[in-house]
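Peer 1: Based on the sequences and whatever the hints tell you, model everything.
Protein chains: 2
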Amino acid sequence: MKHALLTAAMFAAVLHGQANVIDLPRAPLGDGPFIFDTAEQHKIKVTVITKALDRPFGIAFLPGGNMLVSERGGKLRIVRDGVLDPQPIGGVPKVNARANAGLYDFVLHPNYAQNQWIYFAFSKPGEGNLSATVLARAKLQGNSLTQVQELYSTEQGTNVGGSRLAFALDGKILMTTPAAGEVEKAQDPASAYGKILRLNDDGSIPRDNPFVGKRGYRPEIYTLGHRDHLGLVVHSSGTIFNAEHGPNGGDEVNLIKPGANYGWPVISFGRQYDGSRILPYKEGMEIPQIVWVPSIGPSGIMFYTGDKFPAWKNNLFVGSARYGEIRGFGHLERVVLNDKFEDIRRERLLDDLHQRFRDVRQGPDGNIYALTDQEVGALLKIEPAP
Amino acid sequence: MKHALLTAAMFAAVLHGQANVIDLPRAPLGDGPFIFDTAEQHKIKVTVITKALDRPFGIAFLPGGNMLVSERGGKLRIVRDGVLDPQPIGGVPKVNARANAGLYDFVLHPNYAQNQWIYFAFSKPGEGNLSATVLARAKLQGNSLTQVQELYSTEQGTNVGGSRLAFALDGKILMTTPAAGEVEKAQDPASAYGKILRLNDDGSIPRDNPFVGKRGYRPEIYTLGHRDHLGLVVHSSGTIFNAEHGPNGGDEVNLIKPGANYGWPVISFGRQYDGSRILPYKEGMEIPQIVWVPSIGPSGIMFYTGDKFPAWKNNLFVGSARYGEIRGFGHLERVVLNDKFEDIRRERLLDDLHQRFRDVRQGPDGNIYALTDQEVGALLKIEPAP
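Residue numbers (this note's numbering), protein chains in the order written: chain U, 1 to 386; chain F, 1 to 386.
Keep in mind that a hint or two might mislead.
Put simply, identical chains are the same to the list, so a pair is met inside one copy or across any two.
As the list claims (entries may be wrong) - Listed below are the simulated DSSO-like cross-link pairs for lysine-lysine, each with C-alpha atoms no more than 30 Å apart in a straight line:
1. K214 with K51
2. K51 with K172
3. K94 with K172
4. K94 with K257
5. K282 with K257
6. K282 with K340
7. K340 with K257
Treat the hints as calculated values from the structure; they're not laboratory data.
Peer 2: Rendered as structure tokens:
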């Protein structure tokens, strides 16, 4: 198998924070399709839809099955009838695309059929080296975004780990903001970084947010104490989960409760990069729902609710963008939960592909779609094998 | 690739405790040799010395390089000049070989050249379903153990997870005892289970043991609060480490301090098998030095001190006998530690072999030897590839 070595510059591009990394051989993605055995009854077929993406971040399905795919560098791509349009979508605001910054997640408004609003997050260039994490919305007309509206902006800062979006069942939009860089922001109630924010669909602040009226607290804060969190999902019951990068170990999926503090950088199941211990528990701070030590670099997450994989119903899928701290590369992790959303058992899927997985979403056809973010950026379709 | 499915009976044989397992395809071990790239400069060659072992547990090197290999079922095997003798060593006491019970670890006395004593641990049949974990010693004469002396015995019980042995720098022998079954024994100072025991080389109790004279405490206890711990190593500095199976997650390597309590079943980074949370921290109980969530099933451990792999010097190697909770099978994990023995980064080695690793030891030649415990029990030699 042909291997290529990561250069220092590539490291800088792919890694969050100051992870301890080592040069590893990397495996290019084959052309597929690939057939894999999995643990609970499903033989799966993995088809490569395209390898022509550049550091893809998120997938959003349009009605009818066409897919929007955001690229970190600032382009929005569209896949029509299973084919990537070589022409990017126009009208995307200029983004700060330094390091991990750039264009982030796209989601459709719950009433998209009526209002056609598409919401998205990006890193907006600010003064000097600073940028802000911004929530915007726009409408897709032909091959272009139109009526772009900036709805909300964090303060300017240097945290650029990315942002995921999700609509809660009550119609409010949730937005993750990073804090792997300026870690002290995560516990600072006057900063919008290292938080999950909760906003009305016009970007205004809901009056029932947990810290509204509390002195020193930004009222848009829903939860605090997060590091870089690149996974966010609302279960059909309304329960909210994020997926969060720990430091050296201590990756997390958290069950999100209004007003709760998820502990970064005070507590973690991981260590500092120099090896020193962080305590895993403190009264009044939340313990993660699902943990990884060592790190897998969790990224996009989803619950499977379709009919194509009956044995996977209600399982949580987590994309692992692991690279460098432990050999083996990323994978898709399937987590079986009990009725309290507690971790029962897990399975590593697609680890033999040796790719980093950046997002995973269920398609309207009940199949699973995933983005890889390695030497090439690929979109994969996962379906039952005959 | 040919796959075989584990039967329920095979599960019972290979698993500790009540792990949540699922039927997985298993990969047979090829004939090799295998060449692998690794992260830090070493291309390695893996040779299969033998596949004819039956559930091997531990390796002990004799002066000159011949190897003793214990088999869980009760046989002691010898590898002479790289060839497994088809005839087992005679004179081994009858062991209780139910489930995970059987013949465990063998180690040579530090003054073996003078006294020729070989120490070993085994599960000795007791009344009804009970057994005891026994420390014995014997001398090897020709093809047989002679002068077998039982030196120490735990009380009878049902914990049969295995026992590792190691001599500390002060000449005392350390012995791990299991507590994945009768978990309450681990915190019970009147039980010898779920402990590390410290004994003189004649099996008597050292007067400077931490609980000598403390009411209600067995004086042989060195540390308490352990689950099944199948790894034990003394670093050249004298620092002692064990490797311990967590429940559902929460596998540990612990830095062993006299009199300390390692928390099982009160604290763990893992969960119960039903998913319910165990708190990870309690004042007065030790936090693990190295953690795995999800579980890898850590088994034998060693520090590499040879010259064959210069970039691996002082790295900790941990055999992973993982099976079932997460797809991907076992591997050898290489852990890079800082000068406080804190976890800096890790690498998975030999994961592509899809085997369970039961023990790992450095040979007198500076190469690394490992036991796998899968459909076949194999002895592997790991050396630098040309």
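Peer 1: Determine for every hint whether it applies to the structure shown.
Peer 2: How the hints compare with the structure:
1. In this assembly of identical chains, K214 and K51 lie within 30 Å of each other by CA distance neither inside one copy nor across copies; the values are 49 Å within and 68 Å between.
2. For the homomeric pair K51 and K172, neither the shortest alpha-carbon distance inside one copy (35 Å) nor that between copies (60 Å) is at most 30 Å.
3. In the homo-oligomer, the alpha carbons of K94 and K172 lie at most 30 Å apart inside one protomer (26 Å), although the nearest pairing across protomers, at 69 Å, exceeds that limit.
4. Neither within a single protomer nor between protomers do K94 and K257 lie at most 30 Å apart by alpha-carbon distance, with minima of 34 Å and 57 Å respectively.
5. Within a single copy, K282 and K257 get their C-alpha atoms as close as 17 Å, and across copies as close as 24 Å, so both meet the 30 Å cut-off.
6. Taking identical chains as interchangeable, the C-alpha atoms of K282 and K340 lie at most 30 Å apart whether they share a chain (22 Å) or sit on different chains (24 Å).
7. In this homomeric assembly, K340 and K257 come within 30 Å of each other (Cα to Cα) only inside a single copy, at 14 Å, whereas the closest approach across copies is 37 Å.
Going down the numbered hints, you'll see the structure goes against 1, 2 and 4, while the others check out.
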